[in-house]
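Asker: In case you want the letters, here they are:
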Amino acid sequence: MIPFFKEFKQQATRLTHDLRHRGLIQTALKKYEISRDAKKSRFQSWETARQAAAETKWEAINHLDKYLVEFAQKLEARGTHVHWASTAEQARDIIVKIVRDKKARSIIKSKAMTAEEIHLNDALEHAGFEVVESDLGEYIVQLRHEAPYHIVFPAMHLTRGEISALFQRELGSAPTDNPEELTMIARRALRGKYIAADIGITGVNFAIAETGMISITENEGNARLTAALPKTMISLLGIEKVLPRLEDLALFLPMLATAGAGQALTGYNTMYGGPRQPGECDGPEEFHVVLLDNKRTHLLADAEQRDALHCIRCGACLNVCPIYKNVGGHTYGTTYQGPIGSVITPHLRGLQDWKHLSSASSLCGACTETCPVKINLHHHLLQNRRNAMAEKPVWWEKLAFKGFAFVVNRPRLYDLGKKLARIGQAFHPLIKGTAFDPARSWTQTRELPELAPQSFHELWKERK
Amino acid sequence: MSEREAILSRIREALKVSAPHPGAHDHNEPPAGDLRNFSKWLPAVGASQAEQIALFRANSTELRTDFRLIDSMSHMVSEIASISGKENWQKIARHRGALIDDALSMLDLPSITTDDGYDVNALESSDAGITECDALIAQTGTVLVTSRSAGGRALSVLPPHHVVIARRDQLLPDLPSAFALLKKKYADSYPSMISLITGPSRTGDIERILVLGAHGPKKLTVLCY
Amino acid sequence: MKVTLFIPCFVDACYPKVGLSIVQILERLGHTIDFPEELACCGQPAFNSGYWDEARAVALPVLNRLRDSEAVVIASGSCGAMIKVFYKELFEKTEHTQAANELSSKCYEFSDFLVNKLGVTDLGARFPHKVTIHDGCHGLRELGTGKEPPRKLLASVRDLELIEMSEAETCCGFGGTFAAKFPMISTAMGEVKCASALETRADYIVSNDSSCLMHIQGLADRQGKPIRTIHLAEILAES
Numbered sequence: 001m002i003p004f005f006k007e008f009k010q011q012a013t014r015l016t017h018d019l020r021h022r023g024l025i026q027t028a029l030k031k032y033e034i035s036r037d038a039k040k041s042r043f044q045s046w047e048t049a050r051q052a053a054a055e056t057k058w059e060a061i062n063h064l065d066k067y068l069v070e071f072a073q074k075l076e077a078r079g080t081h082v083h084w085a086s087t088a089e090q091a092r093d094i095i096v097k098i099v100r101d102k103k104a105r106s107i108i109k110s111k112a113m114t115a116e117e118i119h120l121n122d123a124l125e126h127a128g129f130e131v132v133e134s135d136l137g138e139y140i141v142q143l144r145h146e147a148p149y150h151i152v153f154p155a156m157h158l159t160r161g162e163i164s165a166l167f168q169r170e171l172g173s174a175p176t177d178n179p180e181e182l183t184m185i186a187r188r189a190l191r192g193k194y195i196a197a198d199i200g201i202t203g204v205n206f207a208i209a210e211t212g213m214i215s216i217t218e219n220e221g222n223a224r225l226t227a228a229l230p231k232t233m234i235s236l237l238g239i240e241k242v243l244p245r246l247e248d249l250a251l252f253l254p255m256l257a258t259a260g261a262g263q264a265l266t267g268y269n270t271m272y273g274g275p276r277q278p279g280e281c282d283g284p285e286e287f288h289v290v291l292l293d294n295k296r297t298h299l300l301a302d303a304e305q306r307d308a309l310h311c312i313r314c315g316a317c318l319n320v321c322p323i324y325k326n327v328g329g330h331t332y333g334t335t336y337q338g339p340i341g342s343v344i345t346p347h348l349r350g351l352q353d354w355k356h357l358s359s360a361s362s363l364c365g366a367c368t369e370t371c372p373v374k375i376n377l378h379h380h381l382l383q384n385r386r387n388a389m390a391e392k393p394v395w396w397e398k399l400a401f402k403g404f405a406f407v408v409n410r411p412r413l414y415d416l417g418k419k420l421a422r423i424g425q426a427f428h429p430l431i432k433g434t435a436f437d438p439a440r441s442w443t444q445t446r447e448l449p450e451l452a453p454q455s456f457h458e459l460w461k462e463r464k
Numbered sequence: 465m466s467e468r469e470a471i472l473s474r475i476r477e478a479l480k481v482s483a484p485h486p487g488a489h490d491h492n493e494p495p496a497g498d499l500r501n502f503s504k505w506l507p508a509v510g511a512s513q514a515e516q517i518a519l520f521r522a523n524s525t526e527l528r529t530d531f532r533l534i535d536s537m538s539h540m541v542s543e544i545a546s547i548s549g550k551e552n553w554q555k556i557a558r559h560r561g562a563l564i565d566d567a568l569s570m571l572d573l574p575s576i577t578t579d580d581g582y583d584v585n586a587l588e589s590s591d592a593g594i595t596e597c598d599a600l601i602a603q604t605g606t607v608l609v610t611s612r613s614a615g616g617r618a619l620s621v622l623p624p625h626h627v628v629i630a631r632r633d634q635l636l637p638d639l640p641s642a643f644a645l646l647k648k649k650y651a652d653s654y655p656s657m658i659s660l661i662t663g664p665s666r667t668g669d670i671e672r673i674l675v676l677g678a679h680g681p682k683k684l685t686v687l688c689y
Numbered sequence: 690m691k692v693t694l695f696i697p698c699f700v701d702a703c704y705p706k707v708g709l710s711i712v713q714i715l716e717r718l719g720h721t722i723d724f725p726e727e728l729a730c731c732g733q734p735a736f737n738s739g740y741w742d743e744a745r746a747v748a749l750p751v752l753n754r755l756r757d758s759e760a761v762v763i764a765s766g767s768c769g770a771m772i773k774v775f776y777k778e779l780f781e782k783t784e785h786t787q788a789a790n791e792l793s794s795k796c797y798e799f800s801d802f803l804v805n806k807l808g809v810t811d812l813g814a815r816f817p818h819k820v821t822i823h824d825g826c827h828g829l830r831e832l833g834t835g836k837e838p839p840r841k842l843l844a845s846v847r848d849l850e851l852i853e854m855s856e857a858e859t860c861c862g863f864g865g866t867f868a869a870k871f872p873m874i875s876t877a878m879g880e881v882k883c884a885s886a887l888e889t890r891a892d893y894i895v896s897n898d899s900s901c902l903m904h905i906q907g908l909a910d911r912q913g914k915p916i917r918t919i920h921l922a923e924i925l926a927e928s
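Chains H, W and E are the protein sequences, given in the same order.
Numbering-wise (the numbering used here), the first sequence opens with residue 1 and increments by one.
Numbering-wise (the numbering used here), the second sequence opens with residue 465 and increments by one.
Numbering-wise (the numbering used here), the third sequence opens with residue 690 and increments by one.
In short, the hints are calculated from the structure, not lab data.
Please note that the accuracy of each hint is not assured.
Below are the BS3-like pairs computed for lysine-lysine, each with C-alpha atoms no more than 30 angstroms apart in a straight line [as the list claims (entries may be wrong)]:
1) K782/E to K480/W
2) K777/E to K392/H
3) K555/W to K683/W
4) K870/E to K419/H
5) K31/H to K683/W
6) K432/H to K706/E
7) K836/E to K40/H
8) K691/E to K461/H
9) K782/E to K402/H
10) K806/E to K461/H
11) K432/H to K418/H
12) K836/E to K819/E
13) K841/E to K806/E
14) K649/W to K683/W
15) K9/H to K31/H
16) K9/H to K870/E
17) K795/E to K464/H
18) K691/E to K806/E
19) K231/H to K74/H
20) K480/W to K392/H
21) K74/H to K480/W
22) K418/H to K402/H
23) K398/H to K782/E
24) K870/E to K6/H
25) K777/E to K836/E
26) K782/E to K392/H
27) K464/H to K706/E
28) K461/H to K795/E
29) K648/W to K504/W
30) K795/E to K782/E
Computed Cβ-Cβ distance ranges for the label pairs, DEER-style [to be verified]:
31) P484/W to E285/H: 42 to 48 angstroms
32) R756/E to P484/W: 21 to 27 angstroms
33) F427/H to P817/E: 36 to 42 angstroms
34) R815/E to T159/H: 49 to 55 angstroms
35) R756/E to P429/H: 41 to 47 angstroms
36) K647/W to D353/H: 44 to 50 angstroms
For every residue, glycine included, the Cβ atom is placed at its ideal position computed from N, Cα and C.
Construct the complete structure from the given sequences, taking the supplied hints into account.
Answerer: Next comes the structure, spelled out in structure tokens:
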């Protein structure tokens, strides 16, 4: 079995048995559902807004070259350095070089899933630089040497007790189970870091082509501080973050907030169009924007699944996914989790290694229904399965389905199959649940249905 | 070939094949109307100033913003004095501007003015950051600031209390109108930072429990004259 | 009308009463039933596993047999979705594209057929029990049937008390081959469903999808939970 698949199964088995963990996630996500529904209902037409958003992203992605060029040009015109990175390695090298050139002593960072994706913190630490995560959830998982649990709520899996113990251990703070006190501990610890940092690194939610601006969405204000105080600012983004016009944000910002967190609008939505401009009293002297491909063009080339690049990373699909709700974020074992992660990871990291995420779905469709930009998520999971088997079929599975087709297309063989099943049913109790039981994956936890004394076919014949 | 060219050429190659139209997999009829008229799909906003003030008040208060309607400049001055006393301000930070100069004319406290540059530690230890703004957005209870209208990037986010001095005529109904304003006002030369501030700083990262003042201001006061 | 009935293999072998109930209901309404005895599978297992050639081998005879029907009623939401929605993808860019599209417009999940096609909601049924509904995902989302048709039908059943469970719309965890490939996740999802159903203290869980009910009942029986599952058609056929 492929290592990532084995890991996934082990984690899934462990976590689905952890009732406390399941309860924690489901309680958190139930609260989210209630706020989300309340905010959605305030829209005059959420469904029309979804279509408008879908069409805007379609326009952006299907003219990506044009909008990227415009974005870069507008940024460069006002003094920003724009870098293009085809691979994660190139992006890391670009950023490490900037940091080295500046002889940075301390780096403060705001939340960036793209930085997770390229393992930027590891590279910077390896090169001898201290990187501090400023977003509270990211700060917490950084102290725990863990990956973020959810793309929007990195520390969703932790209780206040666990966080208090963590702060006691790492920061020497007094124990407390008061979330406000815990937050203030982090605030105090980080305050000095903002002021001392030479370099601020941020992610990007949207890249506006028309005006050459990046847009950052947050609640805490840590990204605003990261972009205000250090002398050098570096922002990393995937090339798919592009939106055509500034006014598109009027639609996307509230939709991101509603779908992602059940908020009408996130606390701070800030657009940055360059380094400190003449006449401005503060802001970075140097601003670098790093554009990352890292196989996004590969996904772009798959026209059937191209809309997966419309993703605005709101996390709504994770929040409604019954698989996510039962196994949690770490089980996925990769940066992007939940339905969108299952769709894109095969494209970004290899189909054969990551196809199992597409199989680990009951295809309920809740993700597709909720996606604010109408990505056809669960159908893409089916397409990934097809592509994986077309490339490298599992021989015995293929044979079994061929055999099944053979039998099912021949009514006499099908009838024979039913008769044999009846005999099998009589003997089954002897081997049920044991290693010899072919239905073991079902019977481990469930009873098999009983064959009816007469099948529908037999009853139908009798009626006539 | 530069990486830029390599990436762009991969994109162009990929886009030679067209992708399905958005929402093609949907069951429902495609929506009618001008999809780009976002105001029609976003939450509704009343047309009159009175309705918009009421909506701004309701939305911002829900998010723990302290919103106060001010009748006159003398009322503004006394309100600020009252807040200063209640919050026990020792030192404040602000920028220069016609409205804010008037509003702070009677405030006799050590203060930093950020316009010509400032010492970061002095700003950090200020009890309040006082700024003007570009607009108040009724639809979401949002204050729109820029690095040009609000004394730089840090003034409105570093001190623990952000006070906004606004005028009633700065009230806008919704987000589309705010972006239209930005375009009209700054099209040739945008400030390097534009921020939509919706409530004090907050986090839900600990068990999804709301806590204010995570990194940015714990308190946001809007004095609307 | 002459209604063609598609009965998937597990309904045929394990839940024939569901098929019979549908037959009884439609005949009482004055329609004749066309039952293609030679069809047993829609091809979904192979399709969901990614083996679309093998799925086509099973689906093509089904397509050919059903394409000339007046109306096709499918006894299970997931098979219904396969025929109505996914045959179009399966046969895209083949000589059968048009047939698949035409068949799609003639396919109905059972409750959708009664309420939306025939305009019938009252079948004169009586079922004096407390009942909670599980909205099978395929009917709810894939087929676009939604929540209303089953509820409208149940509202007319005499002496039936309907109590909604909080997780009515959440996937039960069956998902076809998913139940066998990822049994631990499938079971956890089933547990959430069962717990929600038990909270309502209903006597029965009803659904329009037998495959969901098979999974929920199997789990409940193993865990000794007092849940009885029943198909919508069986309730509607009760008098």
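Asker: Give a verdict on every hint.
Answerer: Cross-check of the supplied hints:
1. At most 30 angstroms may separate the alpha-carbon atoms for a hinted pair to count; K782/E and K480/W meet this at roughly 19 angstroms.
2. A C-alpha spacing of about 24 angstroms is found between K777/E and K392/H, which places the hinted pair at or below 30 angstroms, so the restraint holds.
3. Distance check on the hinted pair: K555/W and K683/W sit about 16 angstroms apart at the alpha-carbon level, within 30 angstroms; holds.
4. Proposed proximity of K870/E and K419/H is supported: the alpha carbons are some 26 angstroms apart, at most 30 angstroms.
5. Between K31/H and K683/W the CA atoms are separated by roughly 25 angstroms; this keeps the pair inside 30 angstroms, and the hint holds.
6. The suggested pairing of K432/H with K706/E holds, with an alpha-carbon distance near 26 angstroms, which does not exceed 30 angstroms.
7. A C-alpha spacing of about 19 angstroms is found between K836/E and K40/H, which places the hinted pair at or below 30 angstroms, so the restraint holds.
8. Among the hinted pairs, K691/E with K461/H is consistent with the structure: their alpha-carbon atoms are about 18 angstroms apart, no more than 30 angstroms.
9. Restraint check for K782/E and K402/H: satisfied, since their Cα atoms lie roughly 22 angstroms apart, inside the 30 angstroms limit.
10. With a C-alpha separation of about 28 angstroms, the suggested pairing of K806/E with K461/H holds against the 30 angstroms cut-off.
11. Between K432/H and K418/H, the direct Cα distance comes to roughly 19 angstroms. Compliance with the 30 angstroms bound is thereby established for this hinted pair.
12. Taking the CA atoms of K836/E and K819/E, the gap is near 18 angstroms; set against the 30 angstroms cutoff, the hint holds.
13. Distance hint between K841/E and K806/E is fulfilled; the C-alpha atoms sit about 14 angstroms from each other, no more than 30 angstroms.
14. Distance hint between K649/W and K683/W is fulfilled; the C-alpha atoms sit about 29 angstroms from each other, no more than 30 angstroms.
15. Under the criterion of a C-alpha separation no larger than 30 angstroms, the hint pairing K9/H with K31/H is consistent with the structure, at around 28 angstroms.
16. Our distance criterion of 30 angstroms between C-alpha atoms is met by K9/H and K870/E, whose separation comes to about 10 angstroms.
17. For the proposed pair K795/E and K464/H, the alpha carbon gap of about 26 angstroms is at most 30 angstroms, so the pair holds.
18. Of the supplied pair hints, the one linking K691/E and K806/E holds, its CA atoms being roughly 13 angstroms apart against a limit of 30 angstroms.
19. About 22 angstroms separates the Cα atoms of K231/H and K74/H, which keeps this hinted pair within 30 angstroms; it holds.
20. Proximity of K480/W to K392/H is assessed by CA-CA distance (about 27 angstroms); at most 30 angstroms being required, the pair is judged to hold.
21. Of the supplied pair hints, the one linking K74/H and K480/W holds, its CA atoms being roughly 26 angstroms apart against a limit of 30 angstroms.
22. Between K418/H and K402/H, the direct Cα distance comes to roughly 18 angstroms. Compliance with the 30 angstroms bound is thereby established for this hinted pair.
23. As the CA atoms of K398/H and K782/E are separated by approximately 23 angstroms, the hinted pair is consistent with the 30 angstroms bound.
24. Simply put, K870/E and K6/H have alpha-carbon atoms about 12 angstroms apart, close enough for the 30 angstroms limit, and the pair holds.
25. Taking the CA atoms of K777/E and K836/E, the gap is near 24 angstroms; set against the 30 angstroms cutoff, the hint holds.
26. Between the alpha carbons of K782/E and K392/H the distance comes to roughly 23 angstroms, so the proposed pair stays at or under 30 angstroms and holds.
27. Under the criterion of a C-alpha separation no larger than 30 angstroms, the hint pairing K464/H with K706/E is consistent with the structure, at around 16 angstroms.
28. Annotation: proposed proximity of K461/H to K795/E holds, straight-line Cα distance about 26 angstroms (limit 30 angstroms).
29. The straight-line distance between the Cα atoms of K648/W and K504/W is roughly 21 angstroms, inside the 30 angstroms bound, and the hint therefore holds.
30. Between K795/E and K782/E, the direct Cα distance comes to roughly 21 angstroms. Compliance with the 30 angstroms bound is thereby established for this hinted pair.
31. Our hint of 42 to 48 angstroms for P484/W and E285/H holds, since their Cβ atoms are close to 46 angstroms apart.
32. Restraint check, R756/E to P484/W: a C-beta distance of roughly 25 angstroms satisfies the suggested window 21 to 27 angstroms.
33. In this structure the hint that F427/H and P817/E lie 36 to 42 angstroms apart at CB holds, the actual value being about 40 angstroms.
34. A hinted range of 49 to 55 angstroms holds for the C-beta pair R815/E and T159/H, which are about 50 angstroms apart.
35. Under the hint 41 to 47 angstroms, the C-beta atoms of R756/E and P429/H, about 43 angstroms apart, fit the expected range.
36. The hint said 44 to 50 angstroms for the Cβ distance between K647/W and D353/H, and at roughly 46 angstroms that hint holds.
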